[in-house]
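Novice: First to last, the sequence lines map onto chains X, F and S.
Per the UniProt record's numbering, residue 1 is the first one in the first sequence, and the count goes up by one each step.
Per the UniProt record's numbering, residue 1 is the first one in the second sequence, and the count goes up by one each step.
Per the UniProt record's numbering, residue 1 is the first one in the third sequence, and the count goes up by one each step.
Derived by calculation from the structure, the hints in this document are not laboratory data.
Check each hint, because a few of them may be wrong.
To be verified - Looking from chain S toward chain F, a few residues come up when the C-beta cut is under 7 Å (computed):
hint : residue
1    : W220
2    : A252
3    : R352
Claimed, not checked - If the Cβ cut is set under 8 Å, some of the chain S residues that face chain F in the computed set are:
hint : residue
4    : S45
5    : D250
6    : L253
7    : Y282
8    : H319
9    : R377
By construction, the Cβ of each residue, glycine as well, lies at the ideal position given by its N, Cα and C atoms.
Listed below are the residues making up each chain.
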Amino acid sequence: MLPVDLPDTVRDALLAPLVDHACHGVRRDELTRGRFELLLNEGGSPAPPGTTHFDTPLGAAVRRWCAPVLGLEPHAPPPIYLSRRAELGAAEVNRLLLRASGVSAFLVDTGPEGADLLTAAEMGSGGEAAAGEVVRIEQIEQDVAEMAGVAVDYLDSLGDELSARAARAVALKTVVAGLCGLGLDPARPSRGAVLAAANRRLADPKQPLAEPALARHLLWSAADVARERGLPLQIHAGLGACDAGPHLADPALLTGFIRALQPAGVPVVLLTCYPYQRQAAYLAHAFPHVYVDVGLALAHTGAGSPRVLAELLELAPFHKQLYGSGCRELAETCHLGAVYFRRALGAALKARLDAGEWSAADAARIAHMIGAGNARRVYRL
Amino acid sequence: MLPVDLPDTVRDALLAPLVDHACHGVRRDELTRGRFELLLNEGGSPAPPGTTHFDTPLGAAVRRWCAPVLGLEPHAPPPIYLSRRAELGAAEVNRLLLRASGVSAFLVDTGPEGADLLTAAEMGSGGEAAAGEVVRIEQIEQDVAEMAGVAVDYLDSLGDELSARAARAVALKTVVAGLCGLGLDPARPSRGAVLAAANRRLADPKQPLAEPALARHLLWSAADVARERGLPLQIHAGLGACDAGPHLADPALLTGFIRALQPAGVPVVLLTCYPYQRQAAYLAHAFPHVYVDVGLALAHTGAGSPRVLAELLELAPFHKQLYGSGCRELAETCHLGAVYFRRALGAALKARLDAGEWSAADAARIAHMIGAGNARRVYRL
Amino acid sequence: MLPVDLPDTVRDALLAPLVDHACHGVRRDELTRGRFELLLNEGGSPAPPGTTHFDTPLGAAVRRWCAPVLGLEPHAPPPIYLSRRAELGAAEVNRLLLRASGVSAFLVDTGPEGADLLTAAEMGSGGEAAAGEVVRIEQIEQDVAEMAGVAVDYLDSLGDELSARAARAVALKTVVAGLCGLGLDPARPSRGAVLAAANRRLADPKQPLAEPALARHLLWSAADVARERGLPLQIHAGLGACDAGPHLADPALLTGFIRALQPAGVPVVLLTCYPYQRQAAYLAHAFPHVYVDVGLALAHTGAGSPRVLAELLELAPFHKQLYGSGCRELAETCHLGAVYFRRALGAALKARLDAGEWSAADAARIAHMIGAGNARRVYRL
Numbered sequence: 001m002l003p004v005d006l007p008d009t010v011r012d013a014l015l016a017p018l019v020d021h022a023c024h025g026v027r028r029d030e031l032t033r034g035r036f037e038l039l040l041n042e043g044g045s046p047a048p049p050g051t052t053h054f055d056t057p058l059g060a061a062v063r064r065w066c067a068p069v070l071g072l073e074p075h076a077p078p079p080i081y082l083s084r085r086a087e088l089g090a091a092e093v094n095r096l097l098l099r100a101s102g103v104s105a106f107l108v109d110t111g112p113e114g115a116d117l118l119t120a121a122e123m124g125s126g127g128e129a130a131a132g133e134v135v136r137i138e139q140i141e142q143d144v145a146e147m148a149g150v151a152v153d154y155l156d157s158l159g160d161e162l163s164a165r166a167a168r169a170v171a172l173k174t175v176v177a178g179l180c181g182l183g184l185d186p187a188r189p190s191r192g193a194v195l196a197a198a199n200r201r202l203a204d205p206k207q208p209l210a211e212p213a214l215a216r217h218l219l220w221s222a223a224d225v226a227r228e229r230g231l232p233l234q235i236h237a238g239l240g241a242c243d244a245g246p247h248l249a250d251p252a253l254l255t256g257f258i259r260a261l262q263p264a265g266v267p268v269v270l271l272t273c274y275p276y277q278r279q280a281a282y283l284a285h286a287f288p289h290v291y292v293d294v295g296l297a298l299a300h301t302g303a304g305s306p307r308v309l310a311e312l313l314e315l316a317p318f319h320k321q322l323y324g325s326g327c328r329e330l331a332e333t334c335h336l337g338a339v340y341f342r343r344a345l346g347a348a349l350k351a352r353l354d355a356g357e358w359s360a361a362d363a364a365r366i367a368h369m370i371g372a373g374n375a376r377r378v379y380r381l
Numbered sequence: 001m002l003p004v005d006l007p008d009t010v011r012d013a014l015l016a017p018l019v020d021h022a023c024h025g026v027r028r029d030e031l032t033r034g035r036f037e038l039l040l041n042e043g044g045s046p047a048p049p050g051t052t053h054f055d056t057p058l059g060a061a062v063r064r065w066c067a068p069v070l071g072l073e074p075h076a077p078p079p080i081y082l083s084r085r086a087e088l089g090a091a092e093v094n095r096l097l098l099r100a101s102g103v104s105a106f107l108v109d110t111g112p113e114g115a116d117l118l119t120a121a122e123m124g125s126g127g128e129a130a131a132g133e134v135v136r137i138e139q140i141e142q143d144v145a146e147m148a149g150v151a152v153d154y155l156d157s158l159g160d161e162l163s164a165r166a167a168r169a170v171a172l173k174t175v176v177a178g179l180c181g182l183g184l185d186p187a188r189p190s191r192g193a194v195l196a197a198a199n200r201r202l203a204d205p206k207q208p209l210a211e212p213a214l215a216r217h218l219l220w221s222a223a224d225v226a227r228e229r230g231l232p233l234q235i236h237a238g239l240g241a242c243d244a245g246p247h248l249a250d251p252a253l254l255t256g257f258i259r260a261l262q263p264a265g266v267p268v269v270l271l272t273c274y275p276y277q278r279q280a281a282y283l284a285h286a287f288p289h290v291y292v293d294v295g296l297a298l299a300h301t302g303a304g305s306p307r308v309l310a311e312l313l314e315l316a317p318f319h320k321q322l323y324g325s326g327c328r329e330l331a332e333t334c335h336l337g338a339v340y341f342r343r344a345l346g347a348a349l350k351a352r353l354d355a356g357e358w359s360a361a362d363a364a365r366i367a368h369m370i371g372a373g374n375a376r377r378v379y380r381l
Numbered sequence: 001m002l003p004v005d006l007p008d009t010v011r012d013a014l015l016a017p018l019v020d021h022a023c024h025g026v027r028r029d030e031l032t033r034g035r036f037e038l039l040l041n042e043g044g045s046p047a048p049p050g051t052t053h054f055d056t057p058l059g060a061a062v063r064r065w066c067a068p069v070l071g072l073e074p075h076a077p078p079p080i081y082l083s084r085r086a087e088l089g090a091a092e093v094n095r096l097l098l099r100a101s102g103v104s105a106f107l108v109d110t111g112p113e114g115a116d117l118l119t120a121a122e123m124g125s126g127g128e129a130a131a132g133e134v135v136r137i138e139q140i141e142q143d144v145a146e147m148a149g150v151a152v153d154y155l156d157s158l159g160d161e162l163s164a165r166a167a168r169a170v171a172l173k174t175v176v177a178g179l180c181g182l183g184l185d186p187a188r189p190s191r192g193a194v195l196a197a198a199n200r201r202l203a204d205p206k207q208p209l210a211e212p213a214l215a216r217h218l219l220w221s222a223a224d225v226a227r228e229r230g231l232p233l234q235i236h237a238g239l240g241a242c243d244a245g246p247h248l249a250d251p252a253l254l255t256g257f258i259r260a261l262q263p264a265g266v267p268v269v270l271l272t273c274y275p276y277q278r279q280a281a282y283l284a285h286a287f288p289h290v291y292v293d294v295g296l297a298l299a300h301t302g303a304g305s306p307r308v309l310a311e312l313l314e315l316a317p318f319h320k321q322l323y324g325s326g327c328r329e330l331a332e333t334c335h336l337g338a339v340y341f342r343r344a345l346g347a348a349l350k351a352r353l354d355a356g357e358w359s360a361a362d363a364a365r366i367a368h369m370i371g372a373g374n375a376r377r378v379y380r381l
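Turn these sequences into a full structure, and let the hints steer you where they fit.
Specialist: Okay, here's the thing in structure tokens:
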């Protein structure tokens, strides 16, 4: 799996257990081909007639790297792969792929929780790993909105619930980009604006949050809780973060909010970020409280992922990069995140060693930092 | 021309005839050095005193790959190249370069038509290939504006003419980015706004279209015609698409329009896109009706083009990528598009084969898809 | 330092003396570890507890390439490096690193001048090189604002002082991105708007300029002076140019201003630009008066810099690229700029030679152009 001719210490560091600091629960139900294909894609539509979502970097990666985990030859055709998957059953497939990922701790965003997804604890037991919960603040808001009656109660409950949920969590996470992009006004909204937005919000609480003032209030409330409890705040950026256009999920747009948050000392963790990983790396370079990963972009770019990670490595400090699979729905994405992280980092280290740029000792040390050490420090594991 | 040590099936697939789904007619007239140099550049200005547009990636590529087609040594100096070009004459040079490109069908944007440019049929006969016409909707609009008297007639004629021209075409194309960038309001404009804009437009119909409401009306009218006739809509993005700045031609800005067009099922083909090919790839990934190429960026980036194509391959589904030279004016750009497409895709395939990422059978199959198969399906050739 | 197996002519061209057309004076004072670490980073904050700014691409590069210049083994640990630095003393360290950079002329932005920074003349004598001064127009404005009493005097003095300082300079430079990003209105502001802004400005002249109309007036005044004196105008873009977010320092945003300046014939030199080097390359391609470098991004991206330079080479004409270290504060950044420029350009040339894309003669000629020839022409050295 790794480049040949790596020094043993570097190879060992790359193969050491990872902390997957940003993932989701994978599905426990059996998947038809149609359903499996839909989950290979971020867009939610079937591939056009005559084509298949298997003809993508992710589809090719599944056939290459997941097929052997299920006991098949590499490059197994899709029908064979799916038939083997069905034969083993989802529980066994999940167990095999989660364990193959070589992860010692999963930090699981439980926002999209549902009966069909493994819980954080189940991710841990499936993967023979520790597990921690990352609470998604938009999910808390949704829960509170559906329970609350009037605006004042809603706002009180929101603060209480954020605190209560944070008490059991290793981090808070926001998907605010999905609401209005990341170019939101970085200032705390006024109490009046928040109350007015809350009143509009409660007129139809089943709908997802669509009030910018409330989104900002939620973000700042989460930042307050994170500060009190010493938790990081994860922010989803880039790939898949904003339906209104990838450019609106450029993490550079967060600069104002990041600066406003700096005095609070809350670690901000930028997730995924692709194709704006250089902008994310810049923020991790310039701000002492900013951390980054490329998350699900590893599995989605597959064979092309070494270039993506290489761009993150151009400017991001080594103590600011984290490993996250960003896995969603398919246990395959959990395994592929780990495979491509190790391959991509291995390729970058080998290039630096071959060029005489780094010593082997530094390369091994940095691999340990990015793979697990930084996450242990930032999340206090 | 291709990397050594490729499996024969992959090599054959890369050398198979291409469908050049997005090109322009090349010039039939003889070119002075000054004129030739101007055509090497997108900016329209001569190189500063003491410099030459031959000192560019495209200039170096002409000397490397086109010189041998004209019977010269690779890297022939510019005066020798131009002298040989004059000696052979434009007709023979065009014939040699178009044939050398190994293209079996040219889909030709006839928008910039003029007596000095080969027609679609002439591109086909020059290159011993089939030919189809892509109609540029802004050219139709210009023709209609110059003929129409009053706004209502203008709007009626516009619809009629779009339908009539589409009946003979394989696709419609827009260069709307050149008018106001790609961040236009994606909604259909109101009839009132369109009529008001049409009245302003007709006050000086010789001028190019500069009314956003009319541009949006034209785009939606083209989408309607494309839906009725089952034709794709090509949209020029990136390199050369918008004089007001490359950032305004970022295809990510089209997300709203693309989403609005999704129910109609009209294939949207994003052309060129450089340096925003990753954003284009994301759209091709997320939307079932979006296709992409990097077009003229292949010839313009020359020796650097493998990196450009590699970035497209990071996320774009293999059934969504097309080959287009985007060639303009110089037959050299037609040949160079094909050379660098084959070299860049060959390098990407070789890297994946060497890394054990793809099987040779998949690599060959994907090369056929991107080089010709996808275009045959999308344009129903 | 260079790739092996380069033809001698190409190797000689890469090792020939450089013109560093855009640098700053380095510090003359002794530096504690804390101070040195701060200067390794653009953000101005210490690394988080338990981490060090040495764990960055720049930190690794210092240990790899500067340690041997100070007589240490490559990859020397930070305490050994800093102890050796203290032992030699700042004057000797500066002398060693500036000379090792192999630069024959430094063009020094004297804007951040202070007693602790070497002057342009001292940079020259330290590096056994010629030296020229680049005047930073925002520094002139600050000096004038602090001296002037009323708005009319201030505006008169500004014009006079720009002319006077330009008379001794090789170029003018603006850091306008730091004030309001590069998306400023490209038109000359009206006299009325300028006077009103000047009155507000003079109410608190010790503050840095924060009036967009005045910033535009300053920029256009500088352009006028540059035109009169035949001087280039340097514009800092990208990395470190705008605290409000890297996206606001995208040089693409300058397109309107660049176009407005084209008739004046003033060369515009885009500095640093990272991670928007492709947008900068596009502008250098499309406009005859635009030039580019990647400056301090070379030292900051270190082992990753070949990719950065490679992207500039995709589209930028060879007669439009310049070498600049962008060095700041630490003489290490001066040396590392030169090291990584030579390594990155060497890697790009080797790849082109190996692929048969360029001849060795062209490769050598282009290396001379980018390393020194273009700067000699543009700055009339």
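Novice: Work down the list of hints and note, for each, if the structure agrees.
Specialist: Now for the hints, and whether the structure bears them out:
The beta carbon of S/W220 is not positioned within 7 Å of any beta carbon in chain F (closest approach about 19 Å), and the interface hint is therefore violated. Checking S/A252 against chain F: minimum C-beta separation of about 4 Å stays under 7 Å; hint holds. Checking S/R352 against chain F: minimum C-beta separation of about 5 Å stays under 7 Å; hint holds. A hinted interface residue such as S/S45 counts as satisfied when its beta carbon comes closer than 8 Å to some beta carbon of chain F; here the least separation is about 30 Å, so the hint is violated.
Because the beta carbon of S/D250 sits about 6 Å from the nearest beta carbon in chain F, less than 8 Å, this interface hint is met. The interface hint given for S/L253 is met, as the beta carbon of that residue sits about 7 Å from the closest beta carbon of chain F, less than 8 Å. At its closest, the beta carbon of S/Y282 sits 5 Å from a beta carbon of chain F; the interface hint therefore holds under the 8 Å criterion. Interface restraint check for S/H319: the shortest CB-CB distance to chain F comes to about 4 Å, inside 8 Å, so the restraint holds.
Satisfaction of the interface hint for S/R377 is found here, the shortest Cβ-Cβ separation to chain F being roughly 6 Å, below the 8 Å cut-off.
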